[in-house]
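Participant: The lines below spell out each chain.
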Amino acid sequence: MNRDQTNADSGPTLPLARPGTWILIASVLTFSLFGLLIYHVNVTLRVGSELAQAHLHGEALRDLIVEGEQQLSLAAAMRVATGDREWLGRYEGLQRDLIASLDTAIGTPRPGYDIGALTDIRDAVTDLSRTQSQAIQLAAAGQVPNALALLSDSDHGALKDRFESASGRFMEMFRAHLQAELVGHRRHELGSLGVGMAIVSICVLMWLSLARRVRKRSEAFERELVERSRLEAELLQAQKMEAVGRLASGIAHDFSNLITAIRGFATLARERLPPEHPARQSLARVEEAADQAQGVTRGLLTFSRKSATEKKPVELVAQIQEDARWFRRVLPGTIRLNLDPGSQPKVWVFGDRGQLQQVLLNLVVNARDAMPDGGEVTIKLEAEADPDHDDGRQLALSVADTGMGMGPAVLQRAIEPFFTTKDTEHGTGLGLSVVHGIVKDHGGMLRIDSHPGEGTVVTLTLPIVPAPAATDEVVAEEGIEVSGSGSVFLAQGHAYVRDILVTALEDAGFSVSPVTSCPAFRSLYRDGELRADLVVLDNDLPGGCGVDCLDKIREHGYLGPAIILTHELSPEMEQGLDAEVMLLRKPVRVGDLRRLAVAMTRSRSGGEEAA
Amino acid sequence: MTKYIRVMVVDDHALVRDVLAERLAAQPDIEVVATAADAGTAIDEAREHAPHIILMDIDMPGVSSFDAARTIRQFAPEVGFVFLSAYVNDQYIDQALEIEALGYLSKEEPAEVVIDAVRRASRGATRFSKSVSDRIVLEPGGVSLAASGSSRLNLLTPREREILGYLAAGMPKKQIATLLGISPKTVEKHCDHLMDKLDIHDRVKLARYAIREGLTQP
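Residue numbers (numbering that gives the first Met the number 0), protein chains in the order written: chain W, 0 to 610; chain B, 0 to 217.
Same shape as in the complex, but just chain W (with noise of 0.2 angstroms):
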């Protein structure tokens, strides 16, 4: 139902970063990804061929030691066997060439080369090519069987064995070393794999985000695009109140001046009639009764002046009272209007009485209309304990009606602008929402509790504030009216000031004698004429001072009460004057002054009665 708590809940607008940052950072992750896809295509691509190139090579090496011992095996052989001294020439280059290759794979070795199989298969070969080369020697000297018998001896098979062990060794560790190659760049290409996923994660994340800000911002909008319909509709409402107000203060100023020609009228055609004529008493029914509709349209002048909003401290119970008349005319008669102004005889709140008076306005023709076979309205006022506030305390402001009540999904709706049960001939939908406005910028809280054929209560509560104590405005509304009695005498040198001074003291029921200047007040005093009970002199006199005039009526024997208005006012002054005297400095209200002349005559005639 609150609205302040709805506005709370959404939390506050999520601001959305500018959009360049968005893009830039989208940018960077993107290149970021492309850049990470061709470099790791490229690695791949440049480790596959290096390591077929590596094993081209090491397969050519494997290739060429085998064939070349076996070569070399077979031309001693052939030599042995044959005596063709081709075969010793074949043999020679044979063994250069395998031994040459081996000491470049040696010197030069490649990577996933083991130097040591290398030298082993060096070693081995040179040991094979000495047993072959005794064995060519002993076949060129004639000795074939022998030769033949030492190729084929368990030595010569030991050495070959050798040979292959060393080869198959080498080939052994050449392919561990391919392997462990390819599961390195296996490695680097799962840690690509990783970089990419992050990069992409990183974008899903944003793009949440994204998406997130955007809802709320979309979300805030829309809230703000409710609050302003409704803050234009409550304009648009305030609009229609101040013109039905004008047409109301309208009629009323017309009616004012039609009754005050009856009331005139009336006057003087009694004043007209001999005093026993039948008819005086008649007139002066009708001048009665003219009266009474002064009152009326008074009122009415009052309750439909609209000002700006001007917040002060405003007496409820009062005020309320006063307003029930204006609530009773907008109820049938089948409806009955109950104040319960509660225990305290005075509350006070800081708000706008205009607007105060609307609120209660609405709410009873709410309850009105929610009671079309008539019933009840109670208006009440409750202080209760401010639960925001420890040591505070708050005006608990109810409207209840017996009428039709609300169901839970109307009362949930009840003060959304245009929202309306009504037909459109009677409402609005705005008077709650109007109502949510004006106790929400009182700092107040509104509260409905309904059911349907229950009725409904409809509760403003409001921060109590202390009672004023000196605010002008206040007490004049208040109409605290001040009268005196005795005679004052007045010195004062601006004539139109004067006048209006004396018209003032005079209202106040004070006699007044007016001087304009010092000399005269002095002269006056001395002759006897002077016997007030009140002097009041204006400091900035033609012709002397009003201090000093003072002090000589003192020396006369004038002991009353003065007030001394003054511009400037010194210290010094303020010590040399007794204690009878009161010093009021200029600017000082005409309402002002005439309160004070009261209070003064009074202590000093309540002094002298207790004297």
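The hints are simulated quantities; they were obtained by calculation from the structure and are not laboratory data. These numbers were taken from a predicted model, which means no experiment stands behind them. Treat the hints loosely; a few may be bogus.
Computed list of lysine to any residue pairs in SDA-like fashion (alpha-carbon distance at most 20 angstroms, straight line) [as the list claims (entries may be wrong)]:
1. B:Lys188 with W:Arg601
2. W:Lys379 with W:Gln320
3. B:Lys188 with W:Gln320
4. W:Lys345 with B:Val203
5. B:Lys188 with W:Arg553
Knowing the structure of chain W, use the given hints to seat chain B on it.
Facilitator: Okay, now just chain B, sitting in the frame of chain W:
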């Protein structure tokens, strides 16, 4: 009896104008020399009939009542103006004071008050509705409209402010007298005056007021 107060009644509402004129004319000392339905006509009528007092409604269509009054003053400086209005409006009061009107009455006032205002005006005296005179402020150079929000604290003299501060701080009057080197009776008198000026006669309320106005610390 010779009727010596010559009055002109200006009101756009015919019935009101007539009833006012008749009520005034019924007085032995008042003669209604002319009536006018608007301020523009009032200027011509004033020129022709030379009234002493012009009783004029403020809320009339056409020429502003105050402009008409200024124009009339030019050829008849002695004429007195008593204004009538349904509204007590700051702007109206200000203008009425500016042309030194002898009266500003709310239309809510009974006819007797209007008649009295006319009689006073004929003597050069003023009559304002209470709601109007309460808002008039005496200033060094004359009168003006009350500035809204002015505090009664301004009515206090420096010594009274000082004493208010001590009182609010809970200091006994005797101690204040010793501190200021004045007699307890004088302190008593200052207290009476400041309470009268502020219209606060309760010491607790006085303390609360002083705290609110920043004269003492809570």
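Participant: Each of the hints needs a verdict: does it hold here or not?
Facilitator: Hint-by-hint comparison with the structure:
{"no.": "1", "hint": "B:Lys188 with W:Arg601", "verdict": "14 angstroms, holds"}
{"no.": "2", "hint": "W:Lys379 with W:Gln320", "verdict": "11 angstroms, holds"}
{"no.": "3", "hint": "B:Lys188 with W:Gln320", "verdict": "40 angstroms, violated"}
{"no.": "4", "hint": "W:Lys345 with B:Val203", "verdict": "18 angstroms, holds"}
{"no.": "5", "hint": "B:Lys188 with W:Arg553", "verdict": "18 angstroms, holds"}
In summary, the one numbered hint that this structure violates is 3.
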